[in-house]
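K.L.:
Got two chains here, separate frames each, mind docking them using the hints?
Just so you know, the sequences run in chain order F and G. If you use our numbering, the first sequence corresponds to residues 1 to 218, in order. If you use our numbering, the second sequence corresponds to residues 1 to 296, in order.
Quick caveat, the hints were computed from the structure, so don't treat them as lab data. Because the structure is a prediction, the values reported are computed rather than measured. Take these hints with a grain of salt, some might be off.
Calculated lysine to any residue pairs in the SDA-like style (CA-CA distance at most 25 Å, straight line) [unchecked claim]: (1) G:Lys293 x F:Lys122; (2) G:Lys293 x F:Met175; (3) F:Lys122 x F:Met175; (4) G:Lys293 x F:Thr61; (5) F:Lys72 x G:Leu6; (6) G:Lys293 x F:Met40; (7) F:Lys122 x F:Ile58; (8) G:Lys293 x F:Ile51.
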Amino acid sequence: MRYGAGPEVLRDISMELAAGSFHFLTGPSGAGKTSLLKLMYLAERPSRGLISLFGRDIATTPRRELPALRRKIGVVFQDFRLIEHLSAFDNVALPLRVAGLAEEQIREHVTELLRWVGLADKLNARPATLSGGQQQRVAIARAVIGRPSLLLADEPTGNVDDEMALRLLRLFEEMNKLGTTLVIATHNEALVTRFGHARLHLENGEITQLRARERQMV
Amino acid sequence: MLGRRLDIPLNRDSSVRFLPWIIALMVYLAGLALAGTLVLQGALERWNTSLAGTLTVQLPPAKPGGTDPLPAALNLLRATRGVISAEALTRDQTAKLIAPWLGTALSPEELALPRLVDLRVDPRAAPDLADLRTRLAAAAPGALLDDHRLWLDRLAGVVLSIEATALAIVLLIGGAAVLTVVFTTRAGLAVHHAVVEVLHLIGARDGYIAGQFQRQALALALRGGLLGLLLTVATLLGIGHAGAATALFGERVRLLPALALAPWHWLLLAVLPLFASLIAMLTARVTVLRALKRMP
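One chain only, chain G, in its complex shape (with noise of 0.2 Å):
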């Protein structure tokens, strides 16, 4: 379909220099987008998945010469359906928890730090947790449970507004490209006007015609495709590798994230030129037999 000789030399208009470049450009815009939504969801996913089942009570630091309320609380929760496990944190987890903030200079029992049960819950028969809460009030005043809802909530807020982001400029770009082969179509149609209307009073269909700019579109914009998504992998694998080389203490911290694309992540992304490409062409054709509609 590409070989095919063109009646029309488009292959020689300025156009053709610059068109693959636009369409490469945006293409690789347009691959960065999705790719970080990609990544964003993916990471969304994960912190859903590794919070889901796992909820934390925070129980306020004994008073000296009170009651412990921990007990208490343990039995609470470990009594309720659906509860799997309850295990208070001691202390010096605690101290581990909070050593990047405060360093190690102060023990923990010079502060008074609250009391942390981790509990795992079935997420398939999670226990009723405003009747938990009301109860472990009742058991442990001041005691706290929190399962995270309000952290993912704001965060799955943030990840959503992103991607809503990158949707829009994802369509942006997707509207300049169909602009811009509009005008690169109506160039070449001005431009070559004379061979045009030859081959229309000579009997050619408009498809026949509309198919020379279409295939010329079609070619040059697979060119720009593969080259923008050339250049987002290539851009993918750097950001990648910096990010690795960013890890501190083994995988535990890192200044980058990690990007998680998964095969049909990539798959996605390869799509982008062919679909790319495939607008451009349409593009070019609805814009020759709506010009061409015009001619007797």
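If we strip away everything but chain F, and leave its shape as in the complex, we get (with noise of 0.2 Å):
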């Protein structure tokens, strides 16, 4: 793909994820990760080549069907995104209020798992007076409150500390047990050898595919 008329950022990509795996996504800054994920959840279109999601080839689905694609993808962004006029609590109902969900089971739903990212206190706080950390795991929440059949993290665990890092990555590591496919991008090395999770490279704009390996004890 590339952007505009500029330089192709990743070419001869060729990859395929199986349903309910987890995957690490590595590779130094500028390498395309985070546009290989835009790639993903459909921000961005190839400029050649194809990209079949839960079976289906995103060049031929035609447009009205993607919105219904795109929230089985949840997606927690680098930057976070959240809404800076909408409480955590909003920017964590709003997957939940796009799909049509009632009111009363957003309610449940969204105190619940924001109670469990340690943001119970928070229900009602604007972004711009949360810390980066818990900004972030704002971001996560809205990203896994749809339950979503395909989880692409960029950097999530970039602005908490350890412990909230390992509490975050077990998020994860339940959602995969319950089906959910994921794709972490990080520079975290530590947490990738811990965890040891399948490792998919990225570098020069070419992609390499390691094998799990076994988790190591913590």
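P.N.:
Here is the structure:
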């Protein structure tokens, strides 16, 4: 793919993620990790090549059917992209509201999840009043609230301390056990090593796939 | 529909402050143009009905020593099928007609005034005017038959051109309103691009996002439209009041025309802000949907 008339950011990438798999996406800065994720969460279209999601060729899927596919994908953006004028609660509730869920269910699910990520007392707080780590947890909660089939996270542990990073990774593992496919872009080698899941390594626009190793004892 | 929460903070944009005023101004101008058209149309219809069935015959003044053509003309007119009555105006009545222009100092005898015959005809079985003119000219040479058609036709032409201008003004105002909403909606899309993109990426349908913009546009346009309507009504009542104040000689002469608006005219004016709001809402929706189509 390329942005506008610029150089190709990614090329000759061929990979397949099995349903229910857990991958870390690693690589140096500027290798194209975010671009690869953007292709996967349908924010960009490839300039050439084929992307198939949930068994559907994206290029031939009618535009009106894409929102339904997007709802199966949870995304933790690198810059969180929380909506500033909405409270933490409303930010997390957004995917459910967009999907048309009843307000009662929304209240129950969102409150429970925010409690789980340690933000029970921040339900009504605006993102601007939250710390970087707290914002990141809101962003993660928003990504997972709709129980997506595919969760894509761009540096989801970049702003939290080690303990919270472990806690969030465990949340991801729990989701993975329930069937969610995960791709987590990270620079945190320690986490990659610790959890030992398969790794997609991106360098010079090319990808290498490394198999999962035995999980190291923590 | 208007009370629903906005995921996109559109109600904090600067456009929120000026859009209602622009819409108010547009509804006001359109309202005045519409009211003017309705008043003129009403006046034309009244003239038409009051003049339908009336004709005037003008006879040259009798020459000294000559025969008076009046009795012959009256006989002919009264014998014509379709004529209900034919009454000659007395000299005093004729003098009264010209008094506003010439004053009362001159006696009618000193002036060679034409004699006028007021003719009432059955509008459903009006006589053949061309035939009547020929026969009248034979019986009373120099007689003129005036059916007011020329005057009414010219008046109708003027009214029609004024109405066409008013309609063009209303259409231009509508076009300007549409452009204003397009620009404010695009500005909103640009300012809130990040939020719109997040909504798009978490699976919001285009209609969901457009709904936020259209609700906002509807609310703002309604607010502005009602204000514009209020101004229109106030202005019309003001003109009506001023018109009544200029009435001279009882109600016979007015410097300003009476604003004769029927109840359904007021209803039409009341629909104007609703119509403007509907246009604003649809414009916002179409603008957003078209912009979203460019997103992957």
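K.L.:
Please go over all the hints and tell whether each is borne out by the structure.
P.N.:
Here's how the hints hold up against the structure:
1. Our distance criterion of 25 Å between C-alpha atoms is broken by Lys293 (chain G) and Lys122 (chain F), whose separation comes to about 36 Å.
2. Of the pairs offered as hints, the one joining Lys293 (chain G) and Met175 (chain F) is violated, with about 33 Å between alpha carbons and a cut-off of 25 Å exceeded.
3. Annotation: proposed proximity of Lys122 (chain F) to Met175 (chain F) holds, straight-line Cα distance about 24 Å (limit 25 Å).
4. Taken as a hint, the Lys293 (chain G) and Thr61 (chain F) pair is honoured in the structure, with Cα atoms around 14 Å apart against an allowance of 25 Å.
5. A threshold of 25 Å between alpha carbons decides the hint, and for Lys72 (chain F) with Leu6 (chain G) the separation of about 24 Å falls inside it, so the pair holds.
6. At most 25 Å may separate the alpha-carbon atoms for a hinted pair to count; Lys293 (chain G) and Met40 (chain F) meet this at roughly 19 Å.
7. For a cut-off of 25 Å, the pair hint linking Lys122 (chain F) to Ile58 (chain F) is broken: about 38 Å separates their Cα positions.
8. With a C-alpha separation of about 20 Å, the suggested pair Lys293 (chain G) and Ile51 (chain F) falls inside the 25 Å cut-off, and the hint holds.
Of the numbered hints stated above, those contradicted by the structure are hints 1, 2 and 7, listed in ascending order.
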